[in-house]
Every structure is written in C-alpha cells, then in structure tokens.
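What follows is each chain in one-letter form.
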Amino acid sequence: MKIRTARRISQVFFFSLFLFFVIITDLRYLKGYPASLFLELDPLVSFATAITTHTVYKGLLWSLLLWVPTLLLGRIFCNWICPYGILHHFIGWLFGKGRSVEKTRVESNRYRSIYQVKYIILIAVVVAAICGSLQVGLLDPICLFYRSMATAIMPTLNMIFPASVYVRQFFHSGGWVIGFLLFFLVAMNVVIPRFFCRVLCPLGAFLGTLSMVSLWRIDRDPNKCVDCDLCLKNCEGAADPHTQLRKSECFVCFNCIEDCPEKAISFKFMPNLQRELTAPQVPARRAVLASLAGACFFAFGRTSGASDRDYNKKVIRPPGSVEEKQFLDRCIKCDQCIRVCPTNVLQPTLMEAGVEGIWTPILNMKVGYCELNCTLCGQVCPTGAIQRITIEEKTGVGKFAKQGPIRLGTAFYDRGRCLPWSMETPCVVCEEVCPTSPKAIYSREVTITRRDGQQVTLRRPYVDPVLCIGCGICEHECPVSDEAAIRVSPIGETRSRERRLLLDGGVSRK
Amino acid sequence: MKDHSENASFGETSSEPAISRREFLLRVGATTALIAGGVVGGAALWQKDHFIPGFEEQQGLTLPSYRIEASKVLPSLAIAHGTEHSPVIRAAIDALGGMERFVKKGDIVLIKPNVGFDRSPALAATTHPDALRAVARLVLEAGASKVLVADNPINSPAGCFLKSGLQAVASELNLSLLYPEANFFSPLQIEGEILRNWTFFHEPFKKATKVIGLAPCKDHNLCHASMTMKNWYGLLGGQRNQFHQHIHSIVSDFALMMKPTLVILDGMNVLMRNGPTGGRLSDVKSMGTVVAGIDMVAVDSYGYTRLMERDLDELTYIHKAHERGLGNKNWQDVFHKEIQV
Numbered sequence: 001m002k003i004r005t006a007r008r009i010s011q012v013f014f015f016s017l018f019l020f021f022v023i024i025t026d027l028r029y030l031k032g033y034p035a036s037l038f039l040e041l042d043p044l045v046s047f048a049t050a051i052t053t054h055t056v057y058k059g060l061l062w063s064l065l066l067w068v069p070t071l072l073l074g075r076i077f078c079n080w081i082c083p084y085g086i087l088h089h090f091i092g093w094l095f096g097k098g099r100s101v102e103k104t105r106v107e108s109n110r111y112r113s114i115y116q117v118k119y120i121i122l123i124a125v126v127v128a129a130i131c132g133s134l135q136v137g138l139l140d141p142i143c144l145f146y147r148s149m150a151t152a153i154m155p156t157l158n159m160i161f162p163a164s165v166y167v168r169q170f171f172h173s174g175g176w177v178i179g180f181l182l183f184f185l186v187a188m189n190v191v192i193p194r195f196f197c198r199v200l201c202p203l204g205a206f207l208g209t210l211s212m213v214s215l216w217r218i219d220r221d222p223n224k225c226v227d228c229d230l231c232l233k234n235c236e237g238a239a240d241p242h243t244q245l246r247k248s249e250c251f252v253c254f255n256c257i258e259d260c261p262e263k264a265i266s267f268k269f270m271p272n273l274q275r276e277l278t279a280p281q282v283p284a285r286r287a288v289l290a291s292l293a294g295a296c297f298f299a300f301g302r303t304s305g306a307s308d309r310d311y312n313k314k315v316i317r318p319p320g321s322v323e324e325k326q327f328l329d330r331c332i333k334c335d336q337c338i339r340v341c342p343t344n345v346l347q348p349t350l351m352e353a354g355v356e357g358i359w360t361p362i363l364n365m366k367v368g369y370c371e372l373n374c375t376l377c378g379q380v381c382p383t384g385a386i387q388r389i390t391i392e393e394k395t396g397v398g399k400f401a402k403q404g405p406i407r408l409g410t411a412f413y414d415r416g417r418c419l420p421w422s423m424e425t426p427c428v429v430c431e432e433v434c435p436t437s438p439k440a441i442y443s444r445e446v447t448i449t450r451r452d453g454q455q456v457t458l459r460r461p462y463v464d465p466v467l468c469i470g471c472g473i474c475e476h477e478c479p480v481s482d483e484a485a486i487r488v489s490p491i492g493e494t495r496s497r498e499r500r501l502l503l504d505g506g507v508s509r510k
Numbered sequence: 001m002k003d004h005s006e007n008a009s010f011g012e013t014s015s016e017p018a019i020s021r022r023e024f025l026l027r028v029g030a031t032t033a034l035i036a037g038g039v040v041g042g043a044a045l046w047q048k049d050h051f052i053p054g055f056e057e058q059q060g061l062t063l064p065s066y067r068i069e070a071s072k073v074l075p076s077l078a079i080a081h082g083t084e085h086s087p088v089i090r091a092a093i094d095a096l097g098g099m100e101r102f103v104k105k106g107d108i109v110l111i112k113p114n115v116g117f118d119r120s121p122a123l124a125a126t127t128h129p130d131a132l133r134a135v136a137r138l139v140l141e142a143g144a145s146k147v148l149v150a151d152n153p154i155n156s157p158a159g160c161f162l163k164s165g166l167q168a169v170a171s172e173l174n175l176s177l178l179y180p181e182a183n184f185f186s187p188l189q190i191e192g193e194i195l196r197n198w199t200f201f202h203e204p205f206k207k208a209t210k211v212i213g214l215a216p217c218k219d220h221n222l223c224h225a226s227m228t229m230k231n232w233y234g235l236l237g238g239q240r241n242q243f244h245q246h247i248h249s250i251v252s253d254f255a256l257m258m259k260p261t262l263v264i265l266d267g268m269n270v271l272m273r274n275g276p277t278g279g280r281l282s283d284v285k286s287m288g289t290v291v292a293g294i295d296m297v298a299v300d301s302y303g304y305t306r307l308m309e310r311d312l313d314e315l316t317y318i319h320k321a322h323e324r325g326l327g328n329k330n331w332q333d334v335f336h337k338e339i340q341v
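From first to last, the protein sequence lines stand for chains A and B.
Sequential numbering of the first sequence, starting at 1, is according to the numbering used here.
Sequential numbering of the second sequence, starting at 1, is according to the numbering used here.
To be clear, the hints were calculated from the coordinates, so they are not data collected in a lab.
Be a bit skeptical, because a hint or two may be false.
[Said to hold, decoys possible] Okay, derived cross-link-like pairs now, DSS-like style, lysine-lysine, Cα gap no bigger than 30 Å in a straight line: (1) Lys31(A) x Lys399(A); (2) Lys402(A) x Lys285(B); (3) Lys285(B) x Lys399(A); (4) Lys402(A) x Lys325(A).
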C-alpha cells in the first residue's frame, strides 16, 4: 500500500470519528462514548490549562497520546488526525488554485514569512494563560471546529432537514459570526493552501515547537536531488523539502517522498542537522511583542471588570461551573456543552462575559432553561470549567441534602409586567413549571375588584429565595415572552461566595 | 469616405460585416422574451390588495370522534383496586368488556400519555411506564396493527421520554414514539369557549383509528388537578402558557376537542401536592386504583373525589364540561363496576 493511501484512510477515519462524536453528543445517543476525545487529545488544551490551573483535568491526560508521537515523528497530527486540518486539506484539493498546473502548485507551496504568525499567536495565548486568561480556544483547531459545528453547522443542517439533529430547531445567538468565520477560514484555501494550518493554527505552532526534537524527519539526499522542486507540488505544510527542511513546518504528509522522481527524499532517523531549519523562524522582537500582547490582553480584559465588580447579569453559567475567574482559567470555548444541552438554553457569548469570555457558555432563559435532572454539560466538559457533578450533587439530595442544591442564580418578579400583579389576569404558569419540591414559586389567592366593578379571584406569585435554584424555567415559560415578568439573574449563584444573596444560604429557614 | 472617418468613434461600421438575420432574431428575441417574462411574471405575482397582518382568516382541521358505540349491557366506567399496574389495568378494562370492545383487529391506536415533565416514574408526575406497558399489551393483544405514543411535553421532549421510562417501554414493545417535531403540527378548528383555532399535534391523527388517553392522577397548582381531561393539553402546541388565563374554560374545551375511544386514569400512585411537577416521594400517595371509562368527565370526577380526596365543588372545569353536555360529573349515575384484584 502506498503511504498516501494509508494517510487518506487515516484522514477519512479520524474525520468521520470527529463527526460521529459531534452527532452523538446528544442526550438521546450519548451512551458512554468518549465524545470529548479529540479535545482531550489536544496537547495545547492540556498544556495551557495546566498553566492556568496547575492541574491536568481528568481525560486531558489522554493528550500524552499525542505528545509522545510528536516528539518522535513530528507533526503527524496535522495531516493524519486533525479533523480541521483534514477539512482544509480536502477543501484545498477541491477548490485550490492550479489543480492541474504543476508550476502554480509548486509556487503556492513555498514557505512564506507570513507563516510565522501562528508562532506569534501561540506566544500571545501562552503568555495570556500564564497571566491567568485562557484564550487558546479562540483558534485551537479542535475547539474552533467543534464550536463551528455546534453553533452554526448543526443548526443549519437541522433547518435544511427538519428534526434530523434536534427535535425542535435550536438557535445560537451570534452563531452567524462563528459560521462566517468558519466559512472565511475554509475559503482562504483558495488564496493560500491550508491558510489556517500554515498561518494561524496555534496547535500547529505548539506541535511544531515540540517537533524540534523529533527523532525522525523528512530528509533530502542532495546527491540525488536534481532541484526540480517537484517535492513542493503537494507539500501540505510548506516546509521547503527542496532545500533545508523547515522541520517545525512539516506536516509529515509524506507527499514529497512519493512525488520525488529521483527518490531523493526519505523519512529518516536522526538525519544531518545541517540539512534542516530546526526551530521555527520567529524574530525575537516579534516574540517579545507577542508576549506583551498576551499580557496586555489579560490586563485590559481583567481590568474591564466583567469578571469582577461589573459582572453582567446575563452571565449565568451552567450548573457545576467553577467561580468566574477560574472559569476563565478553564473554559476553552469548544462549546461542547452547548452542543449537548437538551433545552438549547446554553448559548455562546459574544461580549456579555467580557473580552476574555468570548464564546463561553451562558444560559439564555428566553431560548431554554436548565433541566433539573440533567448534568450533561458537566459530563462533556473536557477541562472542568463545568465540573462533572452528579444529579445528586446538583439537586442537593441524599448525602448532599445538608449543603443543598447548586444554584445558578435567583428569579425575581417584575410585577409591572406580571399578569396577576398588574393586569388583573390569572396566570401563574411560573408556579406550575417550577421543578423544586416544595416549589420555590408559591402564590397567594386574592380577590380584587376590577375597574368594571366585577370581583375576580386570582393567584399572585412570589419567589422563595431559599428554594429557588435559578433554573429559569419560570422565565422560559412566562407568557410575557419578550422580557419575562420573572427573570433569573446570577445573584445567589453557589459558585461565587461574593455573589451569594442570603447570609446563611437559607439554611436556618428550612 | 471622409464622413465615415469622422464617425469612427461609433465603430468602424464600414469594415464590420452586417449582422446576420439569424443573429438579429436571436438577440432581439432574447430581449423580447425577458421583457415579456418580466411583464407576465410581475402580473402573475402581483398582490393587488393589502391585508391586515394578524387578522388573516384562519382555517383549521377538525378531528373526528374516536368513540365507540354505546352499550346497554356493558358498563362505561370501571374502577379497579389492587397493588400492581398490570393486573389492575387488565381488570378495569375487562370490566368494561375487554380491550376487544375498543380496539378491533388492524386498528392503529394512539396512546396519549402525560409526559409533561422530565421526572422519574416514582415521582408520579408522568404516566408510569408499567401503565403504558400494560395498556399497550392489551391493545396489541386485541389485534392493533400499530401503537403510536405521542405527547408534546413542557420540558425538553427527549429528556421527558427518556427519564419517564416511556422510551424504554416503546422500544421494548416496538411502539412508535412520536416527538413533537415542528412539522407535525397543524392548526385545529373547534368551537370552544376559549379554544377556537390553535396549533395541534396532528401527525399521529393522520394514521390513528382509535385514541386512548392514559393519564396519571395529580395535583395542579392552578386548576387543582390534572387527570384525563387535562391530559389532552399535551396535544396542543403554540403559546400554551396563555391557557392559564382561562384555565377552566380551556380544560373543559378539551372535552369538546377530543372524543377518545377510552380514557384511563392511573391512580396507583397519586401526586397529592406540589403538582403538576412534584419532585419528592413524600408528595406521592399510594392509592392502588385505576379508573377506566368512556366519559372522561365521569372518570375525572371519581379521581378528584376519591383519589385526590377533595371537594368537587372547586373543580370548575368539571362543572363547565358537565353543563355543556360533554360528560357526566356524577360518576355514581354512570353505569359502573368496581372490582378488587
């Protein structure tokens, strides 16, 4: 079998596996599959979260599976495993320029200095992580691809084929931004083949840095080489195999070996260092500026206050989420939680959680609500931004009865908008759907004289803050649906000691 | 010749060959066709009159009656007491003359459970899986060719069917479970007190020849109790949260909307308080009773007085339905049979 065939089999396999995991990340199909595998394999995720949290969360240890072969063989991930890389490879083949013109293809695969941008991005996000803001997920290919699938592609598929993905159509606020970003990055393959992989990918840069020490690499025998440059014809990484190999750029696709008419290229154990450029070529001043940019991002973002005093009432985090600053240490914006959420309540932010929190999950009760007996978001979260809590821990039953349930926030009435409070009309849908027992929403019967003199008896609702867990189904089901007459805000959330509401947590009134 | 050179800017007409007749006709024809197409298309699509948005005339489908012919020798209300779902339900149906009275060979039967909430069976907020299993078995034994199960829950549908245990029963007995997909709804037209034109879960009714309502017996914060009549709420879509403004009228309208073949009230375990959601085992009381009948008003009036153990006077929707001739609230007056298993 030709090595190119083997690689194609691997590409089809891993791309399908990725799609399979995206599809089964759904309450109906998620039956113990390791749906987060690609995110857990991602060494940049585990490396950066290890910097921010000083721990490697649960399945992130799987990233060693990728760490080790990269140190031995180089960036095999990029062209054999990475689903986003495979997508770009395929699109580049389909739409790429000069498909049939050999010369154009050779020229389009020469190294360009713009390819150092990914190292600059990597330095910036790593420095930001050292400061305490995890931003690898913005451009990490697995996070980016998963996010695009969860918030743009899957809803679009369901719109074209109703009920194929969801029972009811899901919506994701700002999904169009994520969708167009995907479209742009994919379309850029027409201008520069594998634009994202070569120019932007911080994971590629990370693996490229690791591959400096790899023991095997592509090697050209200068005695056999006739300088025809045909090795560039299909060079995915633009690694200059025709001259000194740029080791950290090479995707180990092996195309050059098969394309070389002189059999001058081979994959060799510890070849001569003279025939390679071992390290990524990033000028020191740019590296320093990149570090500064990362540090400034953290400083400017943090001092904007969105994670502190000026926290946004819309930032209601999923159940089991860690405290906000730690959340920004952990969340990689993969949006897998958003994909698995059965009620569509989880939405990607744009600016709600500040610049640091772009594309992190928040609850939007207008779209959904938090299902009482559900902890799926925490089950799929690869980094523990949402901890893997159990139903018992979430609802505070059994041996967790003493500490009580996890609260996402508290519901408040807007009596001016509430039908029984201000419009003499019976309602209390909120009380009906309140899932706690006893209900956190209770009502008192009153008989009032309407303006026409008629006596009407109705029930007026109240919230018991001791019992309210902030699930938001009251807000979701309120008939005043543009801005509900009862709304949840994050005050009282369990994860933050500063944002609690009741002095004693309500324990003394139980 | 001089004139020609002065006109050079208009194209060197002298040196160009005249266009052929064929080319002339083709080019003029294309232009004419597009002009004609524009005029004809525009005229065809022209909306001459305006309308008032939101006040368009509404048309909806009407549901047939799924009732069976009345019998003079068989009771139309059966009350069975016992300890387990399967034998008690079987006894109640047998007392009515067996499932064969309601389901004929080849019938496609819709069973409408109440799966409104994402709850485990023990909390009695949803139709119990044992109840669905027992009824579905009886229906299949009677020769039904297919059993449909459908509901439009308040919580997310997949979670409700999964955690109520009904999905497991559906796959065990090969029942076809219908989720409330958007294109499964069409507007329904009835002449109710409040309900006139409302979006309705129509898909199962395209095939069903018989309809069985299978409801748990439970407390309700606003309308006091949710039993077999209130169960039909789950066939409606749209902004159901407006129903609460006239809840008793709406629930009594359900008796007009739906003429089922049979209703079964599962009072084995009754949600006595904190309804309709429940949430604690202490909200549930074991009553060991199943009520089956043709008249849902009679079934519910038994349920409210004997299973919920409350005063029928406060259950406004029962009286509304009775006064509108949609059923009999005095269950004792209905030909009934009570059995102990």
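Hints and how they fare:
1. Lys31(A) x Lys399(A): With a Cα-Cα distance of about 26 Å, the restraint between Lys31(A) and Lys399(A) holds, given a limit of 30 Å.
2. Lys402(A) x Lys285(B): With a Cα-Cα distance of about 26 Å, the restraint between Lys402(A) and Lys285(B) holds, given a limit of 30 Å.
3. Lys285(B) x Lys399(A): With Cα atoms ~24 Å apart, Lys285(B) and Lys399(A) stay inside 30 Å; holds.
4. Lys402(A) x Lys325(A): holds (27 Å)
Violated hints are absent here; each numbered hint is respected by the structure.
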